[in-house]
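Novice: Those protein sequence lines, which keep their order, are chains G and Y.
Read in order, the letters of the first sequence correspond to residues 1 to 158 in full-length UniProt numbering.
Read in order, the letters of the second sequence correspond to residues 1 to 668 in full-length UniProt numbering.
Quick caveat, the hints were computed from the structure, so don't treat them as lab data.
Please note that the accuracy of each hint is not assured.
[What the hints assert, rightly or not] Straight-line distance between alpha carbons at most 16 Å, and here's what the computed EDC-like set of lysine to aspartate or glutamate pairs gives: (1) G/Lys20 / Y/Glu57; (2) G/Lys57 / G/Glu42; (3) Y/Lys230 / Y/Asp48; (4) G/Lys101 / G/Glu67; (5) Y/Lys71 / G/Asp26; (6) Y/Lys76 / G/Glu92; (7) Y/Lys230 / G/Glu96; (8) G/Lys68 / Y/Asp48; (9) G/Lys38 / G/Glu96; (10) Y/Lys230 / G/Asp26; (11) G/Lys20 / Y/Glu59.
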Amino acid sequence: MATEFHNLQELRHSPSLVTKVFIQRDYSEGTVCRFQTKFPSELDNRIERTLLEETVKTLNSYYAEAEKIGGQSYLEGCLACATAYIIFLCMETRYEKVLRKISGFIQEQNEKIYAPRGLLLTDPIERGMRVLEISVFEDRGSGGSSPSSTMSSGSSAR
Amino acid sequence: MVFMNILMCVFVFRCPWLAVTICPAVPPCCAVLFLFVLANFTMATFMDAGVLPMASEDEDKDDEFRAPLYKNVNVKGVQVRMKWCASCHFYRPPRCSHCSICDHCVEDFDHHCPWVNNCIGRRNYRYFFLFLLSLTFHMIGVFTFGLIYILHHMDELWKLHCTVTLVVISISGLFLIPVLGLTGFHLYLVSRGRTTNEQVTGKFQGGVNPFTRGCCNNLEHLVCSPISPKYTARPCRKAVIHIQPPFLRPEIDRQMPVKVRGNGIQSLQNKVSVKLSDIKQPKTPPPLPPKPDHGLLKSQVALLKTSDQQGSNKGPDLHSESKGSPVRCSQQASLPVQPSLQTSTVSSSLQLNSLPLNSRSLTLKHTSRSGSKSQLPAMHADNLESSPLPGILSSSSLLANHNTSSSSISYDNLIPADPQVMAQRGAAPVSYPHHFMTLGTDGNLQRSHPRTYSPVFMGISRQSPHLRDLIPPDMTPPLSAAARYDNFSKAIMASIQERRELEERERMLRRPARTQVLFGPDMGIYDIPSRRSLPPDNIRPPGSRGPTPPAYGSREFLMSTGVLGYNIRTSPLSSSSTSSLTHGPKTSSSPLQNSSSSLQSRGRSSSPAYYPPERPAPGFPSSTSTLPRFSSSSTSSAPLYASYANTKRSSLPYSGEGKDSVTLGALK
């Protein structure tokens with residue numbers, strides 16, 4: 001993961017990563033992609049329950065939309081077959097499109113809701129859709145001599 | 001596959017005859033079919049099967065030593081076991097399996113196909129299946145038409161063209177049998193909704209398969225479902241998000257009802273107002289910040305004003321609701337309130353960092369209606385553009401920092417998240433959890449609440465030293481009082497963590513072997529591992545994971561308490577792997593050097609000379625098994641461990657397999 005180092009002025013005030021909270025997948029419906037909406041207790045005093053639940057629910061709905069079998073997925077399949085799958089070189093699949101939407105959504109949530117609270121959501125796709133990772137930051141005050149850094153979301157895949 | 005090509009080429013020569021004799025459509029159909037076979041084969045061969053990337057280090061820090069080997073999860077009413085993958089460092093999702101040939105976990109793992117030399121998993125099972133199907137048809141076609149050709153040329157059987165055709169049909173007929181068999185097998189699997197892996201291991205033999213959707217739906221899913229995305233090697237989009245303190249904190253007092261106006265702005269039904277009479281209600285026009293009642297933070301005010309002017313375009317909505325917030329300056333120590341005053345009007349970045357008062361102090365004052373928490377930030381989010389301004393402080397959060405009506409403001413506000421504390425709310429001078437002591441000495445605090453506090457000494461002592469930095473020497477007394485509020489929040493976190501640790505300790509206590517080790521002479525060790533362990537925060541071994549708290553309850557710590565701990569620990573682990581014991585050392589096939597560096601990096605920085613010995617011997621050749629190895633080596637490794645008490649271990653005695661001596665030599 002790429003982290004960025006800032007100049008000394010910012011170093012003094014940049015937060016440090018305290019812990020990471022992981023929201024696991026909810027497998028009660030099978031292998032469809034869903035995340036648990038259970039609120040992790042570690043975030044009790046960091047963010048309101050409803051906010052996080054809202055985020056997770058929206059994410060789940062996005063994933064459900066991506067994995068939905070319907071007209072568009074049929075069309076995609078048929079087209080792919082007909083063109084001997086060459087179409088995949090040119091076109092982006094529906095799932096990928098929804099993933100881009102999701103990543104935009106997460107970015108927006110981070111900027112508006114989570115970053116002001118010292119939290120950072122990581123796109124689940126970077127973790128293989130196994131967990132939703134929430135990085136928890138804590139302010140180190142003005143004493144930061146350690147290399148604290150601000151996290152960049154959407155950092156390079158490992 | 002080359003074979004097929006050759007056959008096909010040969011077959012092509014017969015096409016003209018076939019076109020003439022049987023039907024002109026024969027060659028094109030065959031060609032299309034052949035193309036289809038090729039395409040599916042290519043996709044099955046080159047497509048990522050759904051490889052799950054390895055978990056990052058910080059993801060597994062909790063799971064690694066204290067977690068059981070199996071985790072049960074309920075899938076549609078059926079209990080499915082998720083196994084810990086030692087190579088990939090996570091619990092394998094249902095239907096996921098680790099391919100030892102490719103050495104990665106594959107989602108919906110079917111099998112590793114030698115013909116295509118690739119794993120068949122979630123993403124490419126469809127292509128594999130279609131390849132099989134189309135190949136079957138193709139071979140049937142070749143065989144049939146070849147036979148027809150032969151039968152029509154029976155008299156010329158020994159001529160070259162017939163002989164070649166004969167060869168072709170015999171080969172295709174020969175290969176048709178296993179291919180047909182495989183196709184039939186996969187058809188059966190699809191109809192039952194199983195993977196090859198599940199069929200072969202007999203997972204759902206007797207029981208119910210929760211993953212099947214019925215034969216038709218299974219087929220539909222097979223062919224028509226959207227293609228899963230690739231998890232590895234994704235294009236990265238660098239989007240930088242600045243996280244700057246002060247941070248917002250949620251309100252926790254749920255006593256207040258919330259009235260939400262149409263535009264989402266909360267009106268504050270604050271019953272507090274009675275108590276807050278000493279703070280006048282500023283009826284300031286929205287853009288102007290309310291005058292602070294305490295002159296302590298004039299600099300902040302100035303800062304606010306400038307920043308407020310910048311952010312004034314965002315101001316109106318925020319301010320309209322924030323008009324109440326400065327009001328709610330409690331009779332508490334003035335300082336904690338000040339940030340709320342200031343920040344309530346700021347929507348742009350505000351550098352409050354110069355003061356130790358950060359948003360953590362904001363946690364301490366809340367009226368909080370629970371509903372408002374969600375509404376306000378949401379509203380706030382709407383109002384803010386997604387600007388890259390750091391430290392966006394929403395006034396909504398500061399609205400959150402209203403004080404409750406009763407004189408029990410303070411305590412509720414001060415210890416927001418501690419349920420135990422909340423339970424004790426009504427009491428008089430309460431004995432709170434040991435690390436929350438009363439601040440009896442601070443007059444400023446006293447004036448607002450009946451309960452007394454003493455400084456959170458225990459909490460502080462356990463906390464990382466930077467916390468002490470938060471108590472600024474140059475601050476006036478009210479500030480220092482507020483600084484102690486910072487400690488409260490730290491202590492809150494500490495208490496939460498401690499409770500977690502307690503629970504985990506209890507969990508571990510249930511494991512019989514551990515009891516002796518856990519109650520060591522120094523109970524303090526087990527208190528707040530997250531805080532205690534980081535004396536020099538800046539001193540970290542290179543490549544360390546960063547300031548993640550070490551797992552003091554972890555096995556490594558137990559081992560550090562002595563050889564005895566190790567020996568005791570090994571015994572339960574020697575038992576069968578199916579019991580839900582801690583999964584053994586994480587095996588990895590990385591070479592010795594890598595594992596030693598990884599050990600160091602993972603090794604909790606404060607843990608004295610004992611580095612996690614469980615990091616398995618790098619000599620393990622692409623091994624994915626965990627417990628069995630461990631158990632086999634445990635006995636031999638115990639005495640070895642004793643000699644290693646004070647050395648860094650990179651590869652422990654878990655080398656098993658006769659590699660103990662090697663590792664011994666390497667380490668020495």
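Novice: Check each numbered hint from earlier against the structure, then list the numbers of those it violates in ascending order.
Specialist: Failing hints, ascending: 2, 6, 8, 9 and 10.
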